[in-house]
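Protein sequences appear in the order of chains A and B. Residue 106 in my numbering sits at position 122 of the first sequence, with consecutive numbering throughout. Take any residue in the second sequence, count from 1 to its spot, add 21: that is its number in my numbering.
Think of the hints as simulated: they come from the structure by calculation, not from any bench. Check the hints yourself; a few may be wrong.
BS3-like cross-link-like pairs, simulated, lysine-lysine; straight-line CA separation at most 25 Å [claimed, not checked]:
(1) A/K2 to A/K111
(2) A/K93 to B/K171
(3) A/K93 to B/K34
(4) B/K34 to B/K171
(5) B/K372 to B/K34
Model, not experiment: these values are computed from the prediction.
Residue-level listing of the chains:
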Amino acid sequence: MSSEAERSGPLPVVPFLKLPPGAEPYLEGHACGECEAVFLGARTVCSRCGARDRMETRRLADVGTLHTYSIVHRSFPGIEVPYVSAVVDLEGGGCVKGNLIGVEPDPEKIALGMRVQVVYGDALGRKDRDGNAYTSYFFEPRAAADGSAR
Amino acid sequence: MSGVYVLGIDMMKFGRFPDRTVPQLGAEAALMALDDARVTIQQVQAVYCGNIGEANAMVGQRVLHQIGQTGVPVVNCANACATGATAFREAWVAIRAGLYDVALAVGVEQMGRGLLGGGAKAGGISTEGLLGSGTMPAVFGEAGLEHTRKHGTTFEQFAKVSVKNHHHSTLNPKAMYQLETPLETVMGAEMIAYPNTKLMCSVNVDGAAAAVLVSERKARELGLARAVRVKASVLTSDPWQARDLVLPDVSTCTRNAAAQAYEMAAIGPGELDLVELHDCFATAELLHYENLGLCDDGQAGRLIDEGETALGGRIPVNVSGGLLSKGHPLGATGIANIYEVCTQLRGEAGKRQVAGARIGLTHVIGLGSACGVHVLERVAQAS
């Protein structure tokens, strides 16, 4: 998938998704050197402790736990439903929201607190006005993610 | 510092008024509040106006263009769903500081139908349904399931909030809806974002509410018989939380505001006779039982199961019908909540009257975030 991504040159769906050439994608956090708060996206001041110019980039873990979720059945026109909107705490810091895939959108099938894997792939075919494709990140239940690249 | 009183307050019946303008709606409520206070626009020394949809368009001044251009200072406020409470509080601040004896607070909103939040962004691609959801039903669904994770709260318990609040609204002629919704109807309604069904989402409506606030000196001069004392007025914002960027935290700013309000009012939650809280979604109401100290953490499900927050229960919550059924015109909601509590404290709530109500609390949350809490107390002795 990553070699195909290189050829077509998809863009990252958000600035904190990094797509290094020839290497695996990853999520990047900005951690405060003073208080360890982790942010998504570049910044210079920590809104937790107020420290300035102490931000350091950090590669975030690609494993985490499902903190909470909602199963979305009604969205805006053109957006396929249902889907699972998931809030995931990454191991070692950082909290990210994304679609939980590889599981039925059914509360009986989704366990709060379960381990999830961050996986990467095409942004559901969405393209911008200039026709650019995008790479996005998703979450999969850890068991389902083992041994498959999505 | 002066004590501050609500001398007059009113709201229009919430509904959909596409043929009227925002200033017209605001003006209607303002005139109703002035009449309730028995003062004229000429006596008003400052105006605080809350509105979101036309926040850059001088709504407060345009209200005065409808009802009296007296040249007094006008401040326009926008603070998400805490907008009306913020306008009310700014009037309170100014009177408490001794700047004015009479101030008018107006909250008004005209809304479209449909989902709030999560709309398309400029440039790039839409991330809605790709990076989860930014729609409000989903955001508050996630907040609800966070409570489920901690305390085992069930879909049915969340749904019971809607049954209760819709029932309450059958007793409120100013509510958008007056319809009973049995539990199976609520749970069986179209699922919007689990665990919130359509009947567990607040209603987008148009509406306006307004209040005349006065100093203690002015209240004594004009008559205390129907005056309501503002015992506490608090506004907080969201302190840093690890999940801030993806899961708005409506609890911490509420807990902080509640603690400050109880301290300012020198009461505990056990002394409240009723509460109007921010039930923008059914899930939210249960969180706020605990956030406002109406029960211990983990007990919100029990509170709704045992009917303690229903009219006639230990601590009635949202007897107006709440945002779920009275309706949620964003900028008006904060003052409409205060109207309900004042009406109850005055003993004028008719069929939904909380017997002997003496002290009440109002709460609103604007996502982003702002939390406004007010504690109000009856002045006149019960007859």
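Okay, the hints, checked on the actual structure:
1. A C-alpha spacing of about 18 Å is found between A/K2 and A/K111, which places the hinted pair at or below 25 Å, so the restraint holds.
2. Distance check on the hinted pair: A/K93 and B/K171 sit about 18 Å apart at the alpha-carbon level, within 25 Å; holds.
3. This hinted pair does not check out: A/K93 and B/K34 have alpha carbons roughly 43 Å apart, beyond 25 Å.
4. Restraint check for B/K34 and B/K171: the C-alpha separation of about 39 Å exceeds 25 Å, so the hint is violated.
5. Distance restraint check for B/K372 and B/K34: the Cα-Cα separation of roughly 17 Å lies within the 25 Å cut-off, and the hinted pair is therefore satisfied.
In this structure, the hints that do not hold are numbers 3 and 4, in rising order.
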